[in-house]
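Residues -23 to -1, 1 to 632 (mature numbering (1 follows the signal peptide of the UniProt record, and there is no 0)) make up the sequence shown, in order.
Just so you know, these hints were derived from the structure itself, not from any lab. Keep in mind it's a predicted model, so treat the numbers as computed, not measured. Yeah, the Cβ is synthetic: ideal placement off N, Cα and C, and Gly gets one too. Treat each hint with caution, since some may be false.
What follows is a set of in silico ranges between Cβ atoms, one per label pair, in the way DEER data are often shown [what the hints assert, rightly or not]:
(1) Pro297 <-> Lys396: 30 to 36 Å
(2) Glu386 <-> Met594: 35 to 41 Å
(3) Glu599 <-> Leu437: 45 to 51 Å
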Amino acid sequence: MKQFVVCLLFGALTFSIAADASAAGPRLTKRQQAIKRENERKAREAARAEQRAKNNRIAKTNERETPVVEIDIAPVDPSTKSDVLRSAARIDEIIEADLARRGLKPNPMSTSEQFMRRAYLDITGRVPRGRRAWTFLASKMPEKRSLLIDHLLNQPGYASHMFNYWAGILRLNDTGNNRLYLRPYNDWLKECFQDNVAFDQMVYEMLTAEGKTWENPAVGYKLRDKGMPLDNLNNTVRNFLGTQIGCAQCHDHPFDRWTQQEFYELAAFEGGVRTGTPPKAMNVPDNKLVNSIREELEPREGNRLRQFVNANRHQVFEVPYGKLKYPFDYVYSNAEPGDVAKPKVIFGETPKLKPGQSRREVFALWLTSKDNPRFALTIANRMWKRAMGVGVIDPVDDITDDTEPSNAELMDFLVSEMKRLDFNLKEFMRIIYHTRTYQRQVSYDGYDPAEPYYFPGPVLRRMTAEQVWDSLLTLSIKAPEAYLRPDDTQYIAALDLDADAGRNEILAVLTRVPDAQKAMNQEEGTQKYQSVTLRRASELQQPLPAAHFLRQFGQSDREIISEGSTEGTVPQLLALFNGPITHMMLEAGSVIYTEVDQAAGITNRVRIIFLSILGRMPTSEELAIASSEIRQSKAAGYGNVIWALLNTREFLFVQ
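Could you build the full structure based on these sequences and the hints that come with them?
Rendered as structure tokens:
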């Protein structure tokens, strides 16, 4: 392992170059990977608790100076980096040749200021701080863009931002329906992105997991649609195969080729999957004992006891011989109502069931296979849209047999790269961020969704709600990544009951669970400003109440599949005009206040303000106007300039 230090950006960034990153050995099967992941999960819980304590100490530091630290960069092997640059160049070659054939020109290359702010927002979900932005812009290193990409991909913000993207698509909800406890599932997804788990492996675990959420968190995917297996199947195909077959649940699809029979044949793979209490479950208290205890309690206490005990009953399990039958109102001649549907896939050949395999395992292997014509295509197209603002196929989740990509050669190459990388999303995004196409100036005129977009550059986009929130936190509090959700280990331990739980242990949950909840609430209270919890969006309740800043700015309500809205509203204006986060930024002790205070002279202070909020230096005219305001209003003038820039459209858009 060769170590060298490059002084850039935030101080000393330590780069680890693996001597031989290719000697990783053969890839495990999905089942082996699932077992390995489960064995590693418990070890991570202890490490996470230790890291939480360390992060809390960092978060509470009162140092005025940003410490110079060594930040570990994920190993980027020279041969791997060569592959990245070669693939990025091929993408540019395909796009630029297509533009030339159409008589179009690519957009000019972005400025260092535009690229820096865009990279921070797209990779870590937040803007850079003023002093760090200044350091990057002042650097003369020719490869500084590439180094910044590699650095940001290794920051906690990468996983946080990726989680926010999938939270809307997967409709993440801490409680789901039926008063479930699904937070372990949400935390598990976050860990998957932190650990850079291969996307096909992550999806496979979601489709095959069994048990309680705190025993096997991936079961949360099925429990999110508890009691609605056909709806869950529809969501699965839409999310991971980019195809909408929901209409065929009730009748033949009126606008696509899918029939109701095909829908039921696909659903038959999961005909034995159940969400509820397994028969003869060994990890659930005896129901008769629980009911007898409830009869002795006051109605309110009895209902609370039922709620806590029922949290243990919400599980995913499979009945080996469970079958799916056609509905009673089935009207087509190819089957009769009540007939058993035979498992059959909708793309390619139906896999044969091997000894020891369940039907749902076969389904999960088929869906996540490299041979599935839409799995790699869908995730490659989704990730391309995340970076560019438009998919090669758009919309990304309504692909039909007649769908034509705006650039078929580009789509084919992206699919081949996703497969070559074994669904490693971080490495796939590394390639995209290194393209000239991504690093060009945005198309300010937008695009017509009814017309193909040929990618002369990214499209202009408004920040997501999470990007706005996380950016404001970045300019307000030190080390926002250090503020984590209160640890729920004690809460889960209080809630967990097994089949051998006796009367006293069952009754004890009435005090154990509230005590654990109280401890979590107390920790939550230490992270607030004017009743607003100061944590990144990924570390907040999922989803938030409708009145919260994030919901006002378009965060999904998690009821339907949605990435959220970026439409402007009056409440958004009021939140930036006079909201608590805006006020906090203007108070002594905030990050932007401290950085401005430490800068020498009015000119440099104005530059820090512009770099912090807009990611660029002020023009000579802007500098003159801001300096005049400060000289006239004294100290209050700095706050006026900050407030004015926060309320510009430029702040809210990713250029």
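Results of checking the hints against the structure:
1. For Pro297 paired with Lys396, a C-beta distance near 33 Å keeps the hint of 30 to 36 Å intact.
2. For Glu386 and Met594, the Cβ-Cβ distance of about 40 Å falls inside the hinted range of 35 to 41 Å, so the restraint holds.
3. Between Glu599 and Leu437 the Cβ separation comes to about 21 Å, which falls outside the hinted range of 45 to 51 Å.
Of the hints listed earlier, the one the structure fails to meet is number 3.
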